[in-house]
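Based on the provided sequences and hints, a complete structural model is requested.
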Amino acid sequence: MKTFKLGGVHPKENKITADKPITNLPLPAKVSIPLSQSLGAPSKPLVDKGAIVKTGQLIAKGESFISSNIHSSVSGKVVKIDEITDASGYRKPAVIIEVEGDEWMETIDRSLEIKTEITLSREQIIEKIKDLGVVGLGGATFPTHVKLMVPSDKNAEFLIINGVECEPFLTSDHRLMLEKAEEIIIGIRILMIALNVNKAFIGIENNKPDAIAHLTGLTDKYENISVVALKVKYPQGGEKQLIKAITGREVPSGKLPIETGCIVNNVGTAYAVYEAVQKSKPLFERVVTVTGKSLSDPGNFLVRIGSPVDYLVEHAGGLPSDTGKVISGGPMMGKALTSLEVPIVKGTSGIVIVPEKKSHRVNIHNCIRCTRCITVCPIGLQPVLLAQLTAAEKYEEAEKAYIMDCMECGSCQYTCPSGRPLLDYMRLGKGKVGNIIRNRIKN
Amino acid sequence: MSILTVSGSPHVHGQQDVRSIMYGVVIAMIPAILVSIYFFGLDSVRVIFISIVSCLFFEWLIQKYLLKGPITITDGSALVTGVLLAFNVPSNLPSLIIIIGSLVSIAIAKMSFGGLGKNPFNPALIGRVFLLISFPVQMTTWPSPSPMFSSEIVDAVSGPTTLGMLKEGLMEGKTVGEIIATSGFPGYFNDLTGAQGGSLGEVSALALLLGAIYMFLRKIITWHIPVAYLGSAFLFSAILWLIDPESYLDPVISMLAGGMILGVFFMATDMVTSPMSAKGQILFGIGAGLLTITIRNWGAYPEGVSFAILIMNACTPLINKGFKPKRFGSVPVQTTIKAAKKG
Ligand code: SF4
Ligand code: SF4
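Chains D and H are the protein sequences, given in the same order.
Sequential numbering from 1 applies to the first sequence in my numbering.
Sequential numbering from 1 applies to the second sequence in my numbering.
Any given hint could turn out to be false.
[As the list claims (entries may be wrong)] Straight-line C-alpha distance at most 27 Å; calculated BS3-like pairs for lysine-lysine:
| # | chain 1 | residue 1 | chain 2 | residue 2 |
| --- | --- | --- | --- | --- |
| 1 | D | LYS12 | D | LYS293 |
| 2 | H | LYS219 | D | LYS5 |
| 3 | D | LYS255 | D | LYS130 |
| 4 | D | LYS5 | H | LYS279 |
These are calculated hints, taken from the structure and not from any lab test.
Below, the structure written as structure tokens:
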């Protein structure tokens, strides 16, 4: 069975919500929809305080190249446009809407029928994906329409669909593959038209045999879509690792995946593309896994963007009293939240509740030079060396040792028996080296 | 909920920590400890006990009164050094000498460099070599093994070791064949089980191998250094033996004799003092293997494992410079930012 070669770790999977079907969460009383949900500058709000909006109405326009449109996830009244704390802990502008009823835009096709026939042209598809605010749902929230516009000097050969979900605990993609497989496959066909590629692969780790079987069955009739079962290993969901695992090609250091002729999109994104293109439904809700061993009723929920985290936790049985940490995303790459009022955004794949006794890092010892961090780094870096260089503020040397290639997967820190904060150093070093490089380019 | 802990990812940690690694090594040494007690009796218990206690004590003393920093004697590393040092001395070594050895291992070879992880040389080996040079007589007087519960009465002086007998015999002008035929020469079986003279922990190859398998399974050590070390030593001694079987020991007994197995699996694999890349580790192993056989055959001492490993320890920083891990993709770093700007 295929997997990527270099490095990798096997954290405990803990997929306790794998057999919990997706349930619709009732609407919250209020949503806070952040204006910057993808990389790039915040989108520009199109509504004012007091405005009455409908579900799916465009409320902010992405103006820079890589920002995206944002739609209201509820119907109701805009009570204010203000700064709120987001998952990163920073204050960011958001549109706050008080919910009244649930009146959808008339343009949205709310019928339950699955629309298989694809009638739009390549340009129309990309336009629609852009208009309806579809971004990558795997976490990085890169606007999908940007990914689909392959530079003229590059050639897209394969579409790779990421159904790996290698983070422990998270199961939203898994559930989506089981429950919305037909829609996902239509989404894949749409993406293939947009990219003008003849071949798509769906990569799924073999800890989800049901999803592999289900999608393999459904793609039987499409010669050009194949499901690839992958051996479980973190971080297989990383674009570079997934491309390597499926095609054997290696994205050159510092280059984008398109260098290898591959474009990677998440299964959740494929589903959002289906909804946008076939049903004219903007991206305003997503599946979020709310999980943790201490939760009484963990599950996978279909949630409107902007719903506060505590609202989700309430529906998963309420916050256990011994909670010490709440993670947005998975335990390997997710962010620890500073507050439970943080809203769900397009990139929120899960909320993990961690008990107090598991919320703290292990004790730090001296490095015992065990080389485990080097062995597990999927990029082939020397985290121990880069951490030393960063600590000594030798940024030029850190740059020469390829610190910018670090994908921040956390495998090194996860493995380090001395509990060294290797990834903390990586982030610090990358920030400093990034500044140095930017200054160099400017001058 | 009162206060949420906020820290950078990752929020989970693997199963291995320094303690589990160090205590894992200690568990791997238990079979050899038992064998040594079986053959050398209470003396063996005394040596191991004094060595462990004095190593822990010196580390505590230095951390508490000299460094005035955190006390980390429970991390298991001083315990490992204590047992290893005991493994490397004869069972009849006077207690005071053991304490001196522990002091050298911990104070000079370990703490003076900054403690765990910063020492360039294996502390137990430094302790052993120091004792060997300072107390050559006491360090090379091996008591005969006297299995527990056996009625045999053995005089406790000078049990034969394979390599010691070999060196002496060759110096007297005998051939290897004649030496092996001498009564009291340990041979394969005794080398495996431990019924021979020698340092406490090195006598039984079997017990040590059992521990080594445990360390492999627990992923405490990797194959690179042991395979390269044994492989190169075996090849080198096989070549010598094929050329002149009268002057050189056959390669199988070479591997089993002396401190080879102990050194290969328990000291050359010390992660602190060995190279950090797979290729570097293989080079380290090959170097140590060749040096061991060279010292054994042409050096002043019958045994060469300690010196060979220490010499390779000294080469480790250089080896680390020479070998970089294989990197994913390989285009200069600057393009990252250009690409990010574009995208
Ligand atoms: S966080 Fe960076 S340095 Fe650490 S393992 Fe991942 S890619 Fe390598
Ligand atoms: S994993 Fe930790 S202890 Fe081991 S070499 Fe890397 S930094 Fe040092």
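Status of each hint after checking the structure:
no. : hint                    : in the structure
1   : LYS12(D) <-> LYS293(D)  : holds, 13 Å
2   : LYS219(H) <-> LYS5(D)   : holds, 19 Å
3   : LYS255(D) <-> LYS130(D) : holds, 24 Å
4   : LYS5(D) <-> LYS279(H)   : holds, 17 Å
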